[in-house]
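The task is simple: from the sequences and hints, build the whole structure.
2 protein chains.
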Amino acid sequence: MRWIKFSAAGRTAYGVVEGERIIEVAGDPFNGYERTTQSHAVRDVKIEVPLIPRTFYCAGLNYTAHVKEHAAKVGGKANIPEKPDIGYRAVNALIAHEEPVIIPRDATEKVQYEGELVAVIGTKAKHLSERDALSCVLGYTIGNDVSERTWQSTDRTLWRGKNTDTFKPMGPWIETAVDLDKLETIVRVNGTVTTRFPTNDMLFGVATYIAAMTRYLTLYPGDVIWMGTDGTSPNLKAGDTVEVEITGIGTLRNPFVAESD
Amino acid sequence: MRWIKFSAAGRTAYGVVEGERIIEVAGDPFNGYERTTQSHAVRDVKIEVPLIPRTFYCAGLNYTAHVKEHAAKVGGKANIPEKPDIGYRAVNALIAHEEPVIIPRDATEKVQYEGELVAVIGTKAKHLSERDALSCVLGYTIGNDVSERTWQSTDRTLWRGKNTDTFKPMGPWIETAVDLDKLETIVRVNGTVTTRFPTNDMLFGVATYIAAMTRYLTLYPGDVIWMGTDGTSPNLKAGDTVEVEITGIGTLRNPFVAESD
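Taken in order, these protein sequences are the chains called Y and C. Counted from 1, the first sequence has number 238 at position 238 by the working numbering; the numbering is strictly sequential. Counted from 1, the second sequence has number 149 at position 149 by the working numbering; the numbering is strictly sequential.
Just so you know, nobody snuck in bad clues.
One copy or two, either will do: identical chains are not told apart, so a pair holds if it fits within one copy or between any two.
Below, in silico cross-link-like pairs of lysine-lysine (DSSO-like), each with a Cα-Cα straight-line distance of 30 Å or less:
| no. | residue 1 | residue 2 |
| --- | --- | --- |
| 1 | Lys-182 | Lys-83 |
| 2 | Lys-73 | Lys-83 |
| 3 | Lys-237 | Lys-83 |
| 4 | Lys-77 | Lys-237 |
| 5 | Lys-126 | Lys-110 |
| 6 | Lys-110 | Lys-73 |
| 7 | Lys-237 | Lys-124 |
| 8 | Lys-110 | Lys-83 |
| 9 | Lys-46 | Lys-126 |
| 10 | Lys-68 | Lys-237 |
| 11 | Lys-237 | Lys-46 |
| 12 | Lys-237 | Lys-126 |
Think of the hints as simulated: they come from the structure by calculation, not from any bench. Values in this document were obtained by computation on a predicted structure and should not be read as measured data.
See the structure below:
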């Protein structure tokens, strides 16, 4: 099942994607819904951010190659995380599929993508075992953890390097039927593949993170967990378009533009 | 004006505190309201968390003495922040005035308070000058940034050290008429004053933070900014009660209890 949030004919609603069409629902995937008699062509609607997270979790360093390559680039030591310590991102930065990432005027040239699997929590959960952990997941979407590497390495926090407005594209929809081990993440810049990795080749998988997190914290419907990325990104510039595809889920596409004066 | 969120007679609503009574309103302080004919004694209601933040910002290190004393305690160098880089906390951890902070079974003895001023954003804001920055603030409440110092210093992120469920008491209400320079923060453990400092004696004040933040990000109604704390805390244990008073705003009181088996 594929959940989409969209705007059409002056209103915003959730719907279920079936082929090229959207069956509009009354309600939402978290609190209950009913199918309506309204339907729309996917190509005719404005796709919205699939949800505004209650808490926006992010695994950060979660693939070995990414940690090592990043360390090599900045000349530091590769600190492979030894346990699943979750981090955070901020909702102000979210934008939808096809909306532009705006590069601030004073950003350096080191603006990069990170294509990530995103787990969307559907039910309240605490003290889940690793075996039961995925029971609280509604489905999966795609995130692009856009990063300004200079700010990321020099600021005391990730507020500006990671959470500048428009730096967190998420979408295009939430897919509930996912076999994690079969997924592949493919990132393209202007149509050329620049990064490709098995999505589930993580240091700590979704179930491991959820089990660790829910020892201390309650997950709520509408929380999201961004699962980190592998490999490295070229520097991006205004005019580029980045597509993050995760096979079996979809493709998240966003143009990059310069901040206007 | 003093905004309170409360439950009484089976429902939850916002109200305005006038003396010892609450005038219930229809609506809320962010989207508009009307006074109703209902009123309640403050002592008769359950006080709720004043709001669930859209984004939960936290300044972290923002008072010179706190940075130096913390560094001395852990044997490190005092890194005084050179600019206002904002951080984040998580909404799962919020609890209301009088609700218990639950100390996890495996926490070390280093569970400590941090009494903080909290700015509550009332209107959408971007690119505010420092002079205009406070125009987006609805009012102020009080936060206790409860911290498990061992986890804080050994985990890769602050997820468990700062954001374990119940570690973020906030309240008891939002005061809109505040003269920042006149405030004093007074923390008591079991009735004895343990920390006392001029609230506005910050490295970077509320206006400075808001001006810096809104250069890169949009603030939204219902965002909160916790402004950091001064001094140090004794270790807290089950059975203790912590009161964070900020003169002119109110007193946030929470008992500490042990996690049950």
